[in-house]
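For the protein sequence lines, the chains are A and B, in the order given.
Taking the working numbering, the leading residue of the first sequence gets 1, the next gets one more, and so forth.
Taking the working numbering, the leading residue of the second sequence gets 1, the next gets one more, and so forth.
Any given hint might turn out to be false.
[What the hints assert, rightly or not] Keeping only pairs whose Cα atoms sit at most 25 angstroms apart, straight-line, the calculated DSS-like set for lysine-lysine is:
#1 Lys-69(B) <-> Lys-266(B)
#2 Lys-29(B) <-> Lys-103(A)
#3 Lys-134(A) <-> Lys-102(B)
#4 Lys-164(B) <-> Lys-209(B)
#5 Lys-28(A) <-> Lys-298(B)
#6 Lys-135(A) <-> Lys-164(B)
#7 Lys-3(B) <-> Lys-135(A)
#8 Lys-3(B) <-> Lys-69(B)
[What the hints assert, rightly or not] Calculated from the model, a selection of chain A residues having no Cβ within reach of chain B, i.e. all distances over 10 angstroms:
#9 Leu-8
#10 Ile-20
#11 Lys-65
#12 Gly-68
#13 Thr-69
#14 Ile-73
#15 Ile-78
[Unchecked claim] Computed footprint of chain A on chain B, listed as stretches where at least three residues anywhere in the stretch have a Cβ under 8 angstroms from a Cβ of chain A:
#16 2–14
#17 24–37
Everything labelled a hint here was simulated from the structure, so no lab data went into it.
A virtual CB, placed ideally from N, CA and C, is assigned to each residue, including glycine.
One-letter residues, chain by chain:
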Amino acid sequence: MNIGYIYLIVAAVLMLISFIKDRGKTKKALITAGKVALNVLPVLFFIFILMGVISTFVTKDVVAKLLGTGSGILGILIGELVGALALIEPAAVFPFSGSLIAKGASYGVIYAFASTAILIGIATLPAEITFMGKKFAVVRNILTFALVFFIALTFRYLM
Amino acid sequence: MKKLIKDAIIYVLLGLVIWGIVALFSFVKSVFVAQVAYKAFAGAFWIIISVFFFIGLIQAWITPEQLSKYLGKTAGWKRFAFASTVPIFLGGSLFTIFPLTKSLKEKGASNSAILAFITAWSGKAPLLPLEAQFLGWRFTIIRTLLIIPTAIAIGILGEIVIDKWQRVPVVITANKMAEGEILIEEEVIKELDREFNLRETEAEKIFSKAKYRVEYEIVGDILEKNIPVKLAELVSGCNCDLIKLEVFSPSLTFSSDGKRFPSKAKFVIATKGYKEDISKHLNEIRKLLEDNDIRIIKEKET
Numbered sequence: 001m002n003i004g005y006i007y008l009i010v011a012a013v014l015m016l017i018s019f020i021k022d023r024g025k026t027k028k029a030l031i032t033a034g035k036v037a038l039n040v041l042p043v044l045f046f047i048f049i050l051m052g053v054i055s056t057f058v059t060k061d062v063v064a065k066l067l068g069t070g071s072g073i074l075g076i077l078i079g080e081l082v083g084a085l086a087l088i089e090p091a092a093v094f095p096f097s098g099s100l101i102a103k104g105a106s107y108g109v110i111y112a113f114a115s116t117a118i119l120i121g122i123a124t125l126p127a128e129i130t131f132m133g134k135k136f137a138v139v140r141n142i143l144t145f146a147l148v149f150f151i152a153l154t155f156r157y158l159m
Numbered sequence: 001m002k003k004l005i006k007d008a009i010i011y012v013l014l015g016l017v018i019w020g021i022v023a024l025f026s027f028v029k030s031v032f033v034a035q036v037a038y039k040a041f042a043g044a045f046w047i048i049i050s051v052f053f054f055i056g057l058i059q060a061w062i063t064p065e066q067l068s069k070y071l072g073k074t075a076g077w078k079r080f081a082f083a084s085t086v087p088i089f090l091g092g093s094l095f096t097i098f099p100l101t102k103s104l105k106e107k108g109a110s111n112s113a114i115l116a117f118i119t120a121w122s123g124k125a126p127l128l129p130l131e132a133q134f135l136g137w138r139f140t141i142i143r144t145l146l147i148i149p150t151a152i153a154i155g156i157l158g159e160i161v162i163d164k165w166q167r168v169p170v171v172i173t174a175n176k177m178a179e180g181e182i183l184i185e186e187e188v189i190k191e192l193d194r195e196f197n198l199r200e201t202e203a204e205k206i207f208s209k210a211k212y213r214v215e216y217e218i219v220g221d222i223l224e225k226n227i228p229v230k231l232a233e234l235v236s237g238c239n240c241d242l243i244k245l246e247v248f249s250p251s252l253t254f255s256s257d258g259k260r261f262p263s264k265a266k267f268v269i270a271t272k273g274y275k276e277d278i279s280k281h282l283n284e285i286r287k288l289l290e291d292n293d294i295r296i297i298k299e300k301e302t
């Protein structure tokens, strides 16, 4: 059985409980779900095509060499930089990472990529500076980058 | 909504263009690309759909206002523990988180709690099914569990760095007046008290090392107009420190006759440099106080 059905059943049950407890909130939840769907589905469409392109044209050797276990510090830095620069929805990070894993990228590199993709954003930096101040933004982004780097280095001992 | 649709069209077009370019060069390869894309999409379709519902439910039932209210009420390590775990369950993107953390900051949350909050929020519990589908449960669980120590570390280290950088050691001791007569929220004073008092010893050090010090006594709506924070901001830009800020009482409005009594405070501006270096900044401080209708009742070099 497709594991997706189990999640769907869980979602349906939660929706039902939500509906019994509070109709207004459930309506709000449905509207948000619709908006998120409209936001994320086109990005996923793009990402899935990109995944297709990667699996067709990029050879395993290249990915393994740049992002594989042997790539060491350089691979992690590439992963982190791409994650920080990429304008990518969190929901699209994981499918994309999955296709890189299939091509031989190491889990440490993928951890680095996924973490910085969610936590560091060149695109969100102006917003962060406006809301939280320059010092805060600089300290947070650099510190996150550094910490993710060290965790990524030891990640393969955890996997 | 308009922007949402525009973005959607751009992404779909971008995908089609990439696929079109592939098709232009090799039809067989483009079929292969489409196959991979379809397989990945079909395999995850129901997971993606249920994730949308999870995100919707979380955003409807846990509002940012609730969270910031809760964070404002709890104190010390409890607040920190909360900030480094609970946001894991939230959805949303970086763009949505900063307005929320700004309001947390205004409510008196420390930098460490806010840094932990942002970091922990990268856990993305509603997306877990999607993450597990593409990267496996082992990776998903390890990454999610790692969030907690990472959030704590970034919170603690970040606050140390930001504090060193900002140099605003301020001590506030607010004395509470007769209860029931106080209209200004008591919580606000307590917040200031806790956040700033930690730096008392540091303030003593700066006071003894300073070459030039000026002591001020002021009267007016000090807490209501957020004067401590405004002063701290002003001073952080110059080569001097704001220390030993004490607010003696919140402004009082007596419910019986509506009479107002302004609050009183004193603080010291200290510098390691000479008098001439900070005279310009002292003028700025006087102007700030004047603009906010705060009266200076004493200004004394010590």
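Now the hints, each set against the structure:
1. Lys-69(B) <-> Lys-266(B): violated (31 angstroms)
2. Lys-29(B) <-> Lys-103(A): holds (17 angstroms)
3. Lys-134(A) <-> Lys-102(B): holds (13 angstroms)
4. Lys-164(B) <-> Lys-209(B): Roughly 17 angstroms between the alpha carbons, so the hint for Lys-164(B) and Lys-209(B) holds.
5. Lys-28(A) <-> Lys-298(B): violated (56 angstroms)
6. Lys-135(A) <-> Lys-164(B): This hinted pair holds, its Cα atoms lying about 11 angstroms apart.
7. Lys-3(B) <-> Lys-135(A): violated (31 angstroms)
8. Lys-3(B) <-> Lys-69(B): violated (31 angstroms)
9. Leu-8: violated (5 angstroms)
10. Ile-20: With a cut-off of 10 angstroms, Ile-20(A) remains clear of chain B, as the shortest Cβ separation is near 13 angstroms.
11. Lys-65: holds (21 angstroms)
12. Gly-68: holds (16 angstroms)
13. Thr-69: Non-interface label on Thr-69(A) holds, nearest chain B Cβ at 14 angstroms vs cutoff 10 angstroms.
14. Ile-73: Ile-73(A) clear of chain B: closest Cβ-Cβ about 19 angstroms, beyond 10 angstroms.
15. Ile-78: holds (18 angstroms)
16. 2–14: holds (count 9)
17. 24–37: holds (count 7)
The structure shown violates the earlier hints numbered 1, 5, 7, 8 and 9.
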